[in-house]
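Participant: Below, each chain spelled out in residue letters.
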Amino acid sequence: MKLLLTITGAITALIGSKSALAEYTLNMTKGITDISQDIYWLHMMAFWVCVGIGFVVFGAMFYSIIAHRKSKGAKAAHFHESTTVEFIWTGIPILILIAMAIPASKTLVDIEVLDKADMTVKVTGIQWKWQYDYPEEGISFVSNLAQSSRDVIKASPEEREAVHNESDYLRSVDNHLVLPVDTTVRFLITSNDVIHNWWVPAFGVKQDANPGFINDAWAKPNEIGTYRGQCAELCGKDHGFMPIVVDVVSKADYAAWVESKQAEKVAEAASATQAWTEEELVAKGETVYNANCSGCHQKDGSGIPGVFPAMIGSEVTNGPAEYQIGLVLNGMGGMPAFRMLSDTDIASVITYERRSFGNNGSVVQPSDVTSAR
Amino acid sequence: MSSTTAAAAHDDHHHGPEKGLLRWVKTTNHKDIGTLYLWFSFAMLLVGGAFAMGIRSELLQPGLQLFEPQFYNQLTTMHGLIMVFGAIMPAFVGLANWLIPMMVGAPDMALPRMNNWSFWILPFAGTILLSTFFMEGGAPAFGWTFYAPLSTTFAPDSTDFFIFAVHLLGFSSIMGAINIIATVLNMKAPEMRLMDMPLFVWTWLITSFLLIGAMPVLAGAVTMMLTDRNFGTAFFDATGGGDPVMFQHIFWFFGHPEVYIMILPAFGIISHIIPTFARKPLFGYSSMVYATASIAFLSYIVWAHHMFLTGMPVAGELYFMYATMLIAVPTGVKVFNWVATMWKGSMTFETPMLWALSFVFLFTIGGFSGLMLGIAPADIQYHDTYFVVAHFHYVLVTGALWGIIAAVFYWLPKWTGKMYNEGLAKVHFWLAMISVNVTFFPQHFIGLAGMPRRIPDYALQFADFNFISSIGSFAFGLSFILFTYIIVDCIRNGKPAVARPWGSAKGLEWTLAAPVAYHTFDEPPTRAEILAESQHS
Numbered sequence: 000m001k002l003l004l005t006i007t008g009a010i011t012a013l014i015g016s017k018s019a020l021a022e023y024t025l026n027m028t029k030g031i032t033d034i035s036q037d038i039y040w041l042h043m044m045a046f047w048v049c050v051g052i053g054f055v056v057f058g059a060m061f062y063s064i065i066a067h068r069k070s071k072g073a074k075a076a077h078f079h080e081s082t083t084v085e086f087i088w089t090g091i092p093i094l095i096l097i098a099m100a101i102p103a104s105k106t107l108v109d110i111e112v113l114d115k116a117d118m119t120v121k122v123t124g125i126q127w128k129w130q131y132d133y134p135e136e137g138i139s140f141v142s143n144l145a146q147s148s149r150d151v152i153k154a155s156p157e158e159r160e161a162v163h164n165e166s167d168y169l170r171s172v173d174n175h176l177v178l179p180v181d182t183t184v185r186f187l188i189t190s191n192d193v194i195h196n197w198w199v200p201a202f203g204v205k206q207d208a209n210p211g212f213i214n215d216a217w218a219k220p221n222e223i224g225t226y227r228g229q230c231a232e233l234c235g236k237d238h239g240f241m242p243i244v245v246d247v248v249s250k251a252d253y254a255a256w257v258e259s260k261q262a263e264k265v266a267e268a269a270s271a272t273q274a275w276t277e278e279e280l281v282a283k284g285e286t287v288y289n290a291n292c293s294g295c296h297q298k299d300g301s302g303i304p305g306v307f308p309a310m311i312g313s314e315v316t317n318g319p320a321e322y323q324i325g326l327v328l329n330g331m332g333g334m335p336a337f338r339m340l341s342d343t344d345i346a347s348v349i350t351y352e353r354r355s356f357g358n359n360g361s362v363v364q365p366s367d368v369t370s371a372r
Numbered sequence: 000m001s002s003t004t005a006a007a008a009h010d011d012h013h014h015g016p017e018k019g020l021l022r023w024v025k026t027t028n029h030k031d032i033g034t035l036y037l038w039f040s041f042a043m044l045l046v047g048g049a050f051a052m053g054i055r056s057e058l059l060q061p062g063l064q065l066f067e068p069q070f071y072n073q074l075t076t077m078h079g080l081i082m083v084f085g086a087i088m089p090a091f092v093g094l095a096n097w098l099i100p101m102m103v104g105a106p107d108m109a110l111p112r113m114n115n116w117s118f119w120i121l122p123f124a125g126t127i128l129l130s131t132f133f134m135e136g137g138a139p140a141f142g143w144t145f146y147a148p149l150s151t152t153f154a155p156d157s158t159d160f161f162i163f164a165v166h167l168l169g170f171s172s173i174m175g176a177i178n179i180i181a182t183v184l185n186m187k188a189p190e191m192r193l194m195d196m197p198l199f200v201w202t203w204l205i206t207s208f209l210l211i212g213a214m215p216v217l218a219g220a221v222t223m224m225l226t227d228r229n230f231g232t233a234f235f236d237a238t239g240g241g242d243p244v245m246f247q248h249i250f251w252f253f254g255h256p257e258v259y260i261m262i263l264p265a266f267g268i269i270s271h272i273i274p275t276f277a278r279k280p281l282f283g284y285s286s287m288v289y290a291t292a293s294i295a296f297l298s299y300i301v302w303a304h305h306m307f308l309t310g311m312p313v314a315g316e317l318y319f320m321y322a323t324m325l326i327a328v329p330t331g332v333k334v335f336n337w338v339a340t341m342w343k344g345s346m347t348f349e350t351p352m353l354w355a356l357s358f359v360f361l362f363t364i365g366g367f368s369g370l371m372l373g374i375a376p377a378d379i380q381y382h383d384t385y386f387v388v389a390h391f392h393y394v395l396v397t398g399a400l401w402g403i404i405a406a407v408f409y410w411l412p413k414w415t416g417k418m419y420n421e422g423l424a425k426v427h428f429w430l431a432m433i434s435v436n437v438t439f440f441p442q443h444f445i446g447l448a449g450m451p452r453r454i455p456d457y458a459l460q461f462a463d464f465n466f467i468s469s470i471g472s473f474a475f476g477l478s479f480i481l482f483t484y485i486i487v488d489c490i491r492n493g494k495p496a497v498a499r500p501w502g503s504a505k506g507l508e509w510t511l512a513a514p515v516a517y518h519t520f521d522e523p524p525t526r527a528e529i530l531a532e533s534q535h536s
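In order, the protein sequence lines correspond to chains D and E.
Residue 162 in numbering that gives the first Met the number 0 sits at position 163 of the first sequence, with consecutive numbering throughout.
Residue 442 in numbering that gives the first Met the number 0 sits at position 443 of the second sequence, with consecutive numbering throughout.
Okay, chain D solo, but in the shape it has when bound (with noise of 0.2 angstroms):
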């Protein structure tokens, strides 16, 4: 019966919506980049290939259908084997496979071979978030899918036009990898726990992100925009909901938000060392939560039994701080290390754990995180 509603939405809404039915693609996108522009010419001369051959057997297995059947008095012949045949439709595929491998091989030399890159990037991927890092620049930040998009996930038949008027629905993150245009950038890709894969089709770059290894790719972006992509490797429960989106800028731009980004570090570090009421730290760390714990732990801290832990009446967020905080800090089986959050955000989110979902743990202060790490 529920399904039965569904489908009856689902058609609603499709015929509801002329913008639904504007925004499809057939095909795979040309990208602004020389390899991801490579890459396009190689899918088409492929496909055509592909074309050709089927043009040619099906042509004859149609034409022999139609033509050399019983109802229309066709007798069969005889023959049954040739090996003058046989060597022919064994050469002319070998000759074509020869012909398509040549380009294919020259791209891959170029995706792989990269002999001095501008400036590096590195690239984390954690259930279900990105990490990006600019070690030259000491920016560091985490991505996570937009909580606009969240919000409406669950949306009921009834508010399915929530959706639909979520633009970008699942492609939009809070915090934007930006990058500058025409400069040569190298991704250093890495995970924290299970093999994810950092894929921007635009950049034509698709690599898997493998715990303990570094992967690398590069990209020289050509054109300013924004560019949307997903993780591509099942990597858990929210394998589709770690969206990547990347802004392309330029130069001075680029300049720009390092300033600013760094600014923001300087201002966060000093904002740890003074001491927060328990009102700041709970505000602030459900809006962390919710973006980084609420994926395993559930929004209402109840968890997933015999999966992720639940918040409520759990010892840890009742028992003492310096378990929680180290627990945070460093994971523990599945659960992932935090480190890479500020000392406040995890405070706050500490708190906000120890203090909600009728639990009754102590108030954690962004000092004793950073005496902790």
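Derived from the structure by calculation, the hints contain no laboratory data.
Glycine included, every Cβ here is placed at the ideal spot set by N, Cα and C.
Careful: at least some of the hints might be erroneous.
[Unchecked claim] Covered stretches of chain E (in silico footprint by chain D; criterion: 3 or more residues with CB under 8 angstroms from a CB of chain D, positions within the stretch not fixed):
1. 137-144
2. 233-245
3. 281-291
4. 321-335
5. 435-448
Once you have looked at the hints, place chain E on chain D.
Facilitator: Quick look at chain E alone, frame taken from chain D:
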């Protein structure tokens, strides 16, 4: 006096099947065991199909409607595992049990008691696998490829049951493969030479060697998982000096031969059906045998084309790209031979032929997308998208499954001694043929547009084609209700079939009465009989 005793002894030898349910538990008869395999795999096909319906219902429109993401991942994982290990593989073993002894003029399989075991392991393995749904933490949710460390450090407790089930399934497959090799090489009629054997026998003989080579590797992979999970080893854990990518190498060293395990027997089936309804001998019998052997060999040396994005060195990528593209050559030879068999034939289009022609058409489309995927730079954009999902459903559904359905319609009159309803069977064919394309063809588009696979919810630009795909899948699902009716109706009410219902069919199995006796070929066929029924005369 002595002749009476001999006749009595002879009668005793020709006992029929035992009465009651125990017949099926204790049977060592290849026909009974074939029937058991086929019904088991059909049941699993319906279970795996039900999971697919769940998946497509969730994907009908954007937003999460029916399932939590974790449960959705359980559905995709179990759909893959059940279809591969529960439906397709056992169905082909069932066909081998029924057909190989009859095709080589043998009285039964070489190792009948082991045959009984290799079947009866399956229901237990399947039950263990499905029971994980009811365990705390749910069923395995890491995809049928179960990449570490998602399947080790980060997996639910039920994973250990999954590992045990995979071990059992592996035992069953290896025993089945040993039995088929022993039957073909030792039990075929003394007058039958290797190059007289029908192609279904040839393809299964080669497949058996793939099984014996590949299944122990899978067993090794899951055993390492087991010790990583429970006994403190770190094969796949970098913090202990292991490597998660090594898991993928081991898995795909099994996994790539595995996909040919699922398609080679179908190649054999199609090579029987097309000559029958084109009324012309199979074109290029020996090149078909050599092509099958070449595909099997190549299948062992291309595994890392599933892993172009793991961070392989460029030399490795180049090698695996070239080796992969090479597979197109013997596969192409097979398709060309089938078309040449049709050429200047006198074709009719009974149901088995419709399935076979549809196989050639749609499997080739799957082959084309396979060739595109083999081009390593382009694979960067295809990898782990719906383009891959479309590709492997074209080769596994409209390839492997189509071959099985074609075989069922082709040999059903021989097995049951009855004819199915031809009109209804054609309706079923067209329903399945159209709906399967509505389901899977649009997935090429959403894959190219950038939708990753194994996600329970998607961005709005993928909505239209997902909707079409889901509607197609519901129709495809319904077509199996009609299929069930046609088979049951044939068994219960079908009109009696003659021994050779397809007048132009060749093969020793057609020399036997319909319905076929419980025991056949007590006396091996003569050289003349073998030559008269061979595929290349």
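Participant: State for each hint whether it applies.
Facilitator: Hints, one by one, checked against the model:
1. 137-144: Our answer is that it holds, as 4 residues pass the Cβ test (under 8 angstroms) against chain D, meeting three.
2. 233-245: Our answer is that it holds, as 6 residues pass the Cβ test (under 8 angstroms) against chain D, meeting three.
3. 281-291: With 6 residues close enough to chain D, the hint holds.
4. 321-335: holds (count 9)
5. 435-448: The restraint on the segment 435-448 of chain E holds, since 3 of its residues have a Cβ under 8 angstroms from chain D and three suffice.
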